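Produce the entire structure from the sequences given, and follow the hints as far as they go.
Each chain, letter by letter, is given below.
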Amino acid sequence: MHARGSTFDEMFDGEGNTRPAYAEYCRWYDEQPPELMRRKNREADDTFRRTGITFNVYGENEAEERLIPFDMVPRIITAAEWRRLSRGIEQRVRALNSFLYDLYHRQEIVRAGRLPERLLRNNDAWLGNMVGFTPPGGIYTHIVGIDLVRTGPDEFYVLEDNARTPSGVSYMLENRETMMGMFPDLFSRIAVESVSNYPRRLARSLAACAPPAFSGTKPTVAVLTPGIYNSAYFEHAFLADQMGAELVEGSDLRVVDGRVQMRTTRGYQPIDVLYRRVDDEFLDPLTFNPESLLGVPGIMDVYRAGGITIANAPGTGVADDKAIYSFMPEIVEFYTGERPLLPNVQTWRCADRESLKYVLDHLPELVVKEVHGSGGYGMLIGPTASKREIAAFRQKLEARPENYIAQPTLALSTCPIYTAKGLSPRHVDLRPFVLVSPEGIDITPGGLTRVALKKGSLVVNSSQGGGTKDTWVLKD
Amino acid sequence: MLGRTANSLFWMFRYLERAENTARLLEAALRMALTRDVVSAEAEWRSVIATLGLQEPYEAAHEGYDGLSVWNFVLRGASNPGNVRMMLAAARANARAARINISSDVWEAVNASWIRLDPLLARPVGQGAVGALLAAIREACTQVHGAFDGSILRDEGFHFARAGTFIERADSTARILDMKYFLLLPSLAHVGSSLDTGQWEQVLRSVAGARAYAWLNAGQIEARGIVEFVVLDERFPRSLAFCRKALRATLDALARMHGAEGRSTALIHAADERFGALSVDQIFEGGLHEFLLEFLARNAAIAHAIAEDYRFHA
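Sequences listed follow chains Y and P, in order. Sequential numbering of the first sequence, starting at 1, is according to our numbering. Sequential numbering of the second sequence, starting at 477, is according to our numbering.
Take the hints with a grain of salt, since some may be wrong.
Unchecked claim - To give an idea of the chain P side of the interface with chain Y (calculated C-beta under 10 Å), a few residues:
# : residue
1 : Glu632
2 : Gly674
3 : Gln675
4 : His734
Unchecked claim - Restraint-style ranges between C-beta atoms, simulated for each label pair:
#  : chain 1 : residue 1 : chain 2 : residue 2 : range
5  : Y       : Arg118    : P       : Glu784    : 39 to 45 Å
6  : Y       : Gly267    : P       : Asp625    : 27 to 33 Å
7  : P       : Gly602    : Y       : Asp185    : 44 to 50 Å
8  : Y       : Gln395    : P       : Arg599    : 47 to 53 Å
9  : Y       : Arg50     : P       : Glu710    : 37 to 43 Å
10 : P       : Gln603    : Y       : Arg200    : 51 to 57 Å
11 : P       : Glu766    : Y       : Pro290    : 51 to 57 Å
12 : Y       : Leu36     : P       : Gly674    : 28 to 34 Å
13 : P       : Asp581    : Y       : Met180    : 15 to 21 Å
14 : Y       : Gly227    : P       : Ser580    : 17 to 23 Å
If you're looking for bench data, these hints aren't it; they were derived computationally from the structure. Everything numeric in this text was worked out from a predicted model, so none of it was measured. We put the beta carbon where it would ideally sit given N, CA and C, even for glycine.
What follows is the structure in C-alpha cells.
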C-alpha cells in the first residue's frame, strides 16, 4: 500500500529543515566521510550474520536462515513524546489485563452491554478451560507488544495489540549493540535511554509471578521453544541466555509429582515459571492438539492446580483479535474509567451491516484485515490491489463478513534510511515492549522500529521485506 | 544443565574433532599421493576410505580410487552420510541447540567457520583448491578450541565438551593405527624398506605427530617406536594414553560435581587399569589389531555410559 496525501517525516519538516529530535544526529551525520558510512553499512550485515541473528524462512526444500535487514539510521523519539506515549501504553496494557480477567470470570463488560457476546463465541483464541481460573498474581499478559503508528507531530495511533506472544525484542537489543559497536562516538555525543537491562527486567518480572507451589528463594524460570528450526529460535535462545534461564523444549519436560519438571543431568527438576514461545494449541497434547510434540502432556492440569506459571497465560490471544481491537476504546474506558490516551485507528467491523456496505463501496481505498490474521498475511490493501484481487476479496467479504475489519489507508510517518545515494524516507511503525507483574507495568524506552525498505511501501513486516532500525528515546 | 544440552555439547565437539581428524587424514594422503607412483597412490586413497569405514557407499558411487573422487566424496559426497560438510553443519546445529551454554566467542567461531566453509564445500573441490580448504577446516576447528579454552565456564558443560573431544580423538587415532597395523608389526622382512618408512610417516602425519616424533626420536623412524608414541606416550595429545587420561580427569570431575559416580566412571577406571600398565611388547604379544579392537569397544562403551549417566535422552 502507498501513502497518499501529505506524509509526516520524522527527521525533516516540509521545508527540509531538521526537526529538533534529529538536530544533533544530523550534525554528526554531515561530519562523517561518505566512504566511511558506506563501509560501516557493509560491516553491519557481517556482524548480524556472524552473531547468528537470523530468522528461518521455510522454502520448498529446506529451511533458509535470513537476516532481517538492519538500517543504521536511528529512529529518534524525544523525552516528552515518550512520556506521553508511555502513559497511553500503560493505560492500555492495564485495561487489557483487566479485560482478560473479566472475560474468564464474570464477563461484566458483556453484561453491561458494552461488548457483544458473539465476539467471544467466534474467537478462535478463546479457551474454555481458563474460565474461573486466576493465573498467579492475576497476570494474563506478562509480555505485551503494542504496535504504534504515527501520522503527524502529535498523532500516534495503536494499530495492533500483541498480547499473545509478541516477538522482536531481541532485535531491539541487538540493534542497539550493533549501533554502539559501529558508532561509539555518536553515543558519547547524544544521551540515549538505555534498553540493555530489558532481559534483567524480564527475569525479575517473571520471577515475581511464581506459582503457589513455589517454595524457596529464587524461582526457576525457563523459556520453552519449539526448537532450533523455529523462525524465532534465535530470540528464544537470546532471551534465555541473557536472563540466565534454561532454554527447554517439550521433549525435556514431563509432569512429575504434580510439577512440570525438566530433565537435567542430575535428574528431573521443577520449573516455577515457564516463558513459553509455543502457541496455546500446542501447549498440552492432553488438552489441545493431541498431535503436538512441542508441549507437555498434563501441563494444563498442573497450571490449574497452581504448580506452574505460564507466561503469557493461555487464552490471552483473545485480545489480539481484530474485532476485539475495534472495541478497545470502550474496553479502556470500561476498566480504567478514563478516556483512552492513545486512539485506535478508525475501524469498520464488517459484521455490522452498515459498515459492510461502506467497506464494499470503498474497497479500493481501504485496508481489509482478517480478524484472526497476523504477520501481514490474508489482508487486502485496496490502493495497490488489482481489480481482480479486489473482486476476489469482495466475494470473501460477502461470504463471511464477520471475519473481517477494514481501516483507512494511513499516511504512516517516514524516517530516512541509509541508501547508496544518501538518506531516503521510508515508512515506519513502532513496537514498544511492556512487562507486567504484580510489582507493576514496566515499559522499555523505545522498542522495535520496523521499516518498509521499498520506497513508498507501507508493509513493514519482516516476513514481507521489512527491516528494522535502532530506536532512541532521548534523555531530557 | 539439561540432559539434552549436555548431549548437544558432547556431539558438537565430537563432530568438530571428527571434521578436523578427517581433514588431517586427507592432508596426509594428499602428500603421500604426490610422492608416489599411480599404483601406490591408489592404495593410499583406498586406505583413506577404508579408515573412515566408507567402502560400501564409495564403491556404489565410484569406479576406482583416485584423489579427486576420494576427497570430494569424503568432504561433500551426496551419498556419503558422514561427509565433512555435514559434520560442520551438525557441529553448528548442536552449538545452536546449546547456545545458552556456550560463550558468544565459541558460538561466533563455530558460526563464522560454517559461513566461510559451507559455500566452499557446496561446490566440487578441485586439485588446486583442496590443500587450502583442508587447512581452513583444521584452522576453523583450532579456532573453536581456542575460543573455548579462553571463554568457557569450567562447569559441567566444559566437561561434556571435553568428553566428546577425547572420545572422538581416541576413536580416530585407534582407527588410523588399525588400518596400518600390519605395516607396523615388527617383522624383519619389512624393516628398512623405503615403502614402509613412508607408510609409517604417513601414520604419524595423520595424527599430526610427525614433528613431535622426529624430535623425540632424533629422526629415527621405526615401527615399534611409532606404536609406543601413538599408543602410550602421555605427552602426545593425540595418543591413546593421553586421550584416556584426559577423559578420566573429565569424567572424575563430572562425578565430583554430581556427587555420584556412574557407570561411565567405573568403565574409564577399568580401562585405565587394563591399559595403564601395558608395555609396547605386551601389546605386540597380544596382537596390535586385537588390542586396538578392544580399545575401540571400550571407548564406545564409555560414550554410551556417559549418555546414560547424564540423561542425554528421555
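Cross-check of the supplied hints:
no. : hint                            : result
1   : Glu632                          : holds (6 Å)
2   : Gly674                          : violated (42 Å)
3   : Gln675                          : violated (42 Å)
4   : His734                          : holds (6 Å)
5   : Y/Arg118 x P/Glu784: 39 to 45 Å : violated (56 Å)
6   : Y/Gly267 x P/Asp625: 27 to 33 Å : holds (30 Å)
7   : P/Gly602 x Y/Asp185: 44 to 50 Å : holds (46 Å)
8   : Y/Gln395 x P/Arg599: 47 to 53 Å : holds (49 Å)
9   : Y/Arg50 x P/Glu710: 37 to 43 Å  : holds (38 Å)
10  : P/Gln603 x Y/Arg200: 51 to 57 Å : holds (55 Å)
11  : P/Glu766 x Y/Pro290: 51 to 57 Å : holds (53 Å)
12  : Y/Leu36 x P/Gly674: 28 to 34 Å  : violated (56 Å)
13  : P/Asp581 x Y/Met180: 15 to 21 Å : holds (19 Å)
14  : Y/Gly227 x P/Ser580: 17 to 23 Å : holds (21 Å)
Violated hints, listed in ascending order, are 2, 3, 5, 12; each of the other numbered hints is respected by the structure.
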